[in-house]
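2 protein chains.
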Amino acid sequence: MSLADWRRRIDEIDRKLVELLNERSKCALEIGKLKQQANLPLYQPDREREVLENAEHNNGGPLTDAAIRRLFERIIDEARSAERIAMHKDSDGKADAKGGSSDS
Amino acid sequence: MSLADWRRRIDEIDRKLVELLNERSKCALEIGKLKQQANLPLYQPDREREVLENAEHNNGGPLTDAAIRRLFERIIDEARSAERIAMHKDSDGKADAKGGSSDS
Numbered sequence: 001m002s003l004a005d006w007r008r009r010i011d012e013i014d015r016k017l018v019e020l021l022n023e024r025s026k027c028a029l030e031i032g033k034l035k036q037q038a039n040l041p042l043y044q045p046d047r048e049r050e051v052l053e054n055a056e057h058n059n060g061g062p063l064t065d066a067a068i069r070r071l072f073e074r075i076i077d078e079a080r081s082a083e084r085i086a087m088h089k090d091s092d093g094k095a096d097a098k099g100g101s102s103d104s
Numbered sequence: 001m002s003l004a005d006w007r008r009r010i011d012e013i014d015r016k017l018v019e020l021l022n023e024r025s026k027c028a029l030e031i032g033k034l035k036q037q038a039n040l041p042l043y044q045p046d047r048e049r050e051v052l053e054n055a056e057h058n059n060g061g062p063l064t065d066a067a068i069r070r071l072f073e074r075i076i077d078e079a080r081s082a083e084r085i086a087m088h089k090d091s092d093g094k095a096d097a098k099g100g101s102s103d104s
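Heads up: the sequence lines are chains A and H, in that order. Numbered according to our numbering, the first sequence spans residues 1 to 104. Numbered according to our numbering, the second sequence spans residues 1 to 104.
So that you can see chain A by itself, here it is in the shape it has in the complex (with noise of 0.2 Å):
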């Protein structure tokens, strides 16, 4: 295969990947609605430390546990984020999810 070959199969997979970070993150907003009807913390840690050990514990490589590791704290920043936006949205009906900022 040449490098074009192995870009376009590259390419393929970030389309793939794109489409799962959106579901991810459209399943986090479900949980972020569920979470502030029952007042739980946005944040919860044992969560967070759970879904790092699963990621780590499904690397099969040749991705570094480390690399998975700073990959999925990056995803579940992003996550959080989006949940805030939506609260911030839900509250005072201005923001927008697609544009909106993070401080995370």
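Please note that the accuracy of each hint is not assured.
The list treats identical chains as one, so a pair stands whether inside a single copy or across any two.
Said to hold, decoys possible - Quick list of in silico lysine-lysine cross-link-like pairs, BS3-like style, CA-CA up to 30 Å: (1) Lys16 / Lys35; (2) Lys33 / Lys16; (3) Lys26 / Lys16; (4) Lys89 / Lys33; (5) Lys35 / Lys89; (6) Lys89 / Lys26.
Source of the hints: derived by calculation from the structure; they are not laboratory data. Here the structure is a predicted model, which means the values were calculated and not measured.
Got chain A sorted already, so can you dock chain H onto it with the hints?
Chain H only, in chain A's frame:
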């Protein structure tokens, strides 16, 4: 759906993410080998810009374009680290891609 149901769905998505991220990393390693054979630089800013633009272009939300960009910047960073570790391994036969460390 309950909080536990949504979390199970996230766990399922995360398993797919770990798989895709590793598949992507394998492609990047193949690209690294081809670059090395052709004496091309590891860092190719035009291609990185293209990857980020594609990711934003494919983003249908709810993640913001800025969030997608941050996530893919991390993904690209880790791919480059894996390429570096693999090159190091090829040259001295010691480093282990699964357990190696990264400087990016």
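Which earlier hints turn out false for this structure, listed by number in ascending order? The structure conflicts with no hint, since it agrees with every one listed earlier.
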